[in-house]
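S.K.: Spelled out, the chains give:
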Amino acid sequence: MSLRLQARNLACERDDRWLFRGLDLDIRAGEIVRVEGPNGSGKTTLLKILSGQLADYEGDLFWGERPMRQAREAFLSNLLYLGHAPGVKAALTPLENLAWYQALAGQPRDESSRLAALESIGLVGFEDVPTGQLSAGQQRRVALARLLLTPRPLWVLDEPFTAIDRDGVRDLEQRLVEHARRGGCVLVTTHHELTPCAELRRVRLGAGGSDGGH
Amino acid sequence: MAVTERMTTEAADVDTPSVEPQGGLGVAFGATVKRDLVLLLRRRSEVMNPLVFFAIVITLFPIGISPDPELLATIAPGLLWVAALLAALLSLDSLFRADYDDGSLEQLLLTPQPLALLSLAKVAVHWLLTGLPLALMAPVLGIMLALPAGSYAVLALSLALGSASLSLIGAIGAALTVGLSRGGVLLSLLVLPLYIPVLIFGAGAVQAAILGDGVTAHLAILGALLAVALIFAPWAIAASLRISING
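From first to last, the protein sequence lines stand for chains A and B. Yeah, the first sequence ends on 214 if you go by the numbering used here, and it's all consecutive. Yeah, the second sequence ends on 1247 if you go by the numbering used here, and it's all consecutive.
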């Protein structure tokens, strides 16, 4: 089955206001799709709908050629979603946090790959410090380490650059491009300006508008 | 020729990265149990609060009503059960709250593993660190209420069985109210009526033990309630969590 996430005629209403209407999206392997728009334009909502978390929308979603409802399990096995909240436990160390995610993904326990992921995300020396004692940027990095730990083709990232320093942003951007070049695809919202490259495509959500152009 | 070959392999690379669903449910279940155990053991106060509450409430009764052992012995089974039930309820609100706040709950919902079984893992940890300690502590507090000898084992056993049902039923309410900022009171209103059958047969078992009647019938019904809760509650918890996250 090929990697392809499609949305047809997608619409979402919040508080009597259309966040977006008639949105058609076709996300394929090898693409980075950046969802743009001002605050409150529905970027997070769109990402949650596309990652199968919100059922409160109109229109159709397809994974591969199958409707999302039938392909949910296959879809979730391909998805890595990082939301606003990093999803790391403050009382657990980065290693323990990653161990849980590794087990949830159905991977065997493997401490060396966790250590490698933490090392390459820049958390050497913090493996056994409770995550709550780390800085906001470092906590975000613990969550981002999952990108390296769990090989999943579809990345859905909601503001992944929050609290990350300049070098970290550059590395992460590099990782997104590499992931797309290796045949994965990335769906991302960010206020940070991504360096233009062949893989990058933009989807703009206007405030209350129905603009679904590229 | 070489160029076309390279292009086809590249195209194949691009077209086939899709991952098939993997197994490993046991691994995920075990890891969730381990994670929650570690988390709760690092925040001991949350484990201790229901136990301290239980002890204090039971201490209040002889002070407030009368130290008369005969009177206390009559009402002891009901008192112990109601106090244990409220203590278990006290800790329920935090069952999914922390996960909801830090985003791990949405990650839990996005795993390809069945959510019902993963939430069962969380409930199991809740029982292990709340229901079971309450059951083990109850006989000690029973001495304070002049509970007749011979009913201690039944008290602990009935509480151990019953509190497992309480954790399962309560988790449905906790899952439904996790998205609300002050869900605690609503949780009690939702869950307490559902606790009544467990309370009746739990306190009934202890009463029967005091009177010297057979306790097996009561314990069997408690076991049956637990079996029914084990079958249905995980699915209800999973559905409630989805509703809460969607809302």
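Check the hints yourself; a few may be wrong.
Said to hold, decoys possible - Partial chain A-side listing against chain B, Cβ under 7 Å, derived:
1. Ala85
2. Leu95
3. Trp100
4. Leu104
5. Gly106
6. Gly125
7. Pro196
8. Ala198
Said to hold, decoys possible - Selected chain A positions facing chain B (in silico; Cβ < 10 Å):
9. Gly52
10. Gln53
11. Ala55
12. Met68
13. Gln70
14. Arg72
15. Leu76
16. Ala90
17. Ala99
18. Arg109
19. Asp165
Hint data in this document are derived by calculation from the structure and do not stem from the laboratory. For each residue, glycine too, the CB sits at the ideal point set by N, CA and C.
S.K.: All hints are to be evaluated individually against the structure, with a verdict given for each.
M.R.: Status of each hint after checking the structure:
Because the smallest distance between the Cβ of A/Ala85 and any Cβ of chain B comes to about 3 Å, under 7 Å, the interface hint for this residue holds. Taking 7 Å as the C-beta cut-off, the interface hint given for A/Leu95 is violated, the closest approach to chain B being about 12 Å. Taking 7 Å as the C-beta cut-off, the interface hint given for A/Trp100 holds, the closest approach to chain B being about 5 Å. With its C-beta approaching chain B no nearer than about 5 Å, A/Leu104 sits inside the 7 Å limit, and its interface hint holds.
The criterion of a C-beta within 7 Å of any C-beta in chain B is met by A/Gly106, whose closest approach is roughly 3 Å, and the hint holds. Interface hint status for A/Gly125: violated, as the beta-carbon distance to the closest one in chain B is roughly 21 Å, over 7 Å. Checking A/Pro196 against chain B by beta carbon gives a least distance of about 21 Å; that is not within 7 Å, so the hint is violated. A hinted interface residue such as A/Ala198 counts as satisfied when its beta carbon comes closer than 7 Å to some beta carbon of chain B; here the least separation is about 14 Å, so the hint is violated.
Of the supplied interface hints, the one on A/Gly52 holds, with its beta-carbon coming within about 7 Å of a beta-carbon of chain B, less than 10 Å. For A/Gln53, the interface hint holds, the least distance from its beta-carbon to any beta-carbon of chain B being 6 Å, beneath 10 Å. At a threshold of 10 Å, the smallest CB-CB gap from A/Ala55 to chain B is about 6 Å, leaving the interface hint in force. Among the interface hints, the one on A/Met68 is violated; its C-beta lies about 13 Å from the nearest C-beta in chain B, farther than the 10 Å criterion.
The criterion of a C-beta within 10 Å of any C-beta in chain B is not met by A/Gln70, whose closest approach is roughly 13 Å, and the hint is violated. Below 10 Å, beta-carbon pairs count as interface contacts, and A/Arg72 has one with chain B at about 9 Å; its hint therefore holds. About 4 Å separates the beta-carbon of A/Leu76 from the nearest beta-carbon of chain B, less than 10 Å, and the hint is met. Interface hint at A/Ala90: satisfied, since its Cβ lies 7 Å from the closest Cβ of chain B, which is below the 10 Å cut-off.
Here the hint on A/Ala99 is kept, as its CB sits about 7 Å from the closest CB of chain B, short of 10 Å. Taken as an interface hint, A/Arg109 checks out: its beta carbon lies about 7 Å from the nearest beta carbon of chain B, inside 10 Å. At a threshold of 10 Å, the smallest CB-CB gap from A/Asp165 to chain B is about 21 Å, leaving the interface hint violated.
Of the numbered hints listed earlier, those contradicted by the structure are 2, 6, 7, 8, 12, 13, 19.
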